[in-house]
Amino acid sequence: MRFEIMRLDEFDGTPVDSTVVDAASVNRIVQQAAAIGQRLWIRPAETTAS
Numbered sequence: 753m754r755f756e757i758m759r760l761d762e763f764d765g766t767p768v769d770s771t772v773v774d775a776a777s778v779n780r781i782v783q784q785a786a787a788i789g790q791r792l793w794i795r796p797a798e799t800t801a802s
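What the sequence shown shows, in the working numbering, is residues 753 to 802, in sequence order.
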């Protein structure tokens, strides 16, 4: 499963940038964000049918 992780603005909470990662990478990114006090929004990534 893949997730979209959006970094949020520290003042108003609007998304600043986003990336799509696999489930194994989510924990590492969350740990890094927690260490510096960064706010994230994580949601399942949209998938396209092929």
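Keep in mind that the hints were calculated from the coordinates and are not lab data. Please read these numbers as outputs of a predicted model, since none were measured by experiment. Ideal placement from N, C-alpha and C gives every residue a C-beta, glycine not left out. A couple of the hints might just be wrong.
[What the hints assert, rightly or not] Simulated restraints, written as ranges between beta carbons of each label pair:
1. Phe763 / Thr799: 27 to 37 Å
2. Gln783 / Glu762: 25 to 35 Å
3. Val782 / Asp761: 17 to 27 Å
4. Ala776 / Glu798: 17 to 27 Å
5. Phe755 / Ala787: 18 to 28 Å
6. Leu760 / Arg780: 24 to 34 Å
7. Leu760 / Glu798: 17 to 27 Å
8. Asp764 / Ile794: 14 to 24 Å
Going down the list of hints, with the structure as the test:
1. Distance hint check for phenylalanine 763 and threonine 799: the Cβ-Cβ separation is about 32 Å, which falls inside the suggested range of 27 to 37 Å.
2. A hinted range of 25 to 35 Å is violated for the C-beta pair glutamine 783 and glutamate 762, which are about 18 Å apart.
3. Roughly 18 Å separates the CB atoms of valine 782 and aspartate 761, a value that falls within the hinted 17 to 27 Å.
4. A hinted range of 17 to 27 Å holds for the C-beta pair alanine 776 and glutamate 798, which are about 19 Å apart.
5. Roughly 19 Å separates the CB atoms of phenylalanine 755 and alanine 787, a value that falls within the hinted 18 to 28 Å.
6. Judged by the Cβ atoms, the range 24 to 34 Å given for leucine 760 and arginine 780 is violated: they are separated by roughly 18 Å.
7. Checking the proposed 17 to 27 Å range against leucine 760 and glutamate 798 shows it holds: the Cβ atoms sit about 19 Å from each other.
8. Take aspartate 764 and isoleucine 794: their Cβ atoms lie about 19 Å apart, and the range 14 to 24 Å holds.
Hints 2 and 6 from the earlier list are contradicted by this structure; the remaining hints agree with it.
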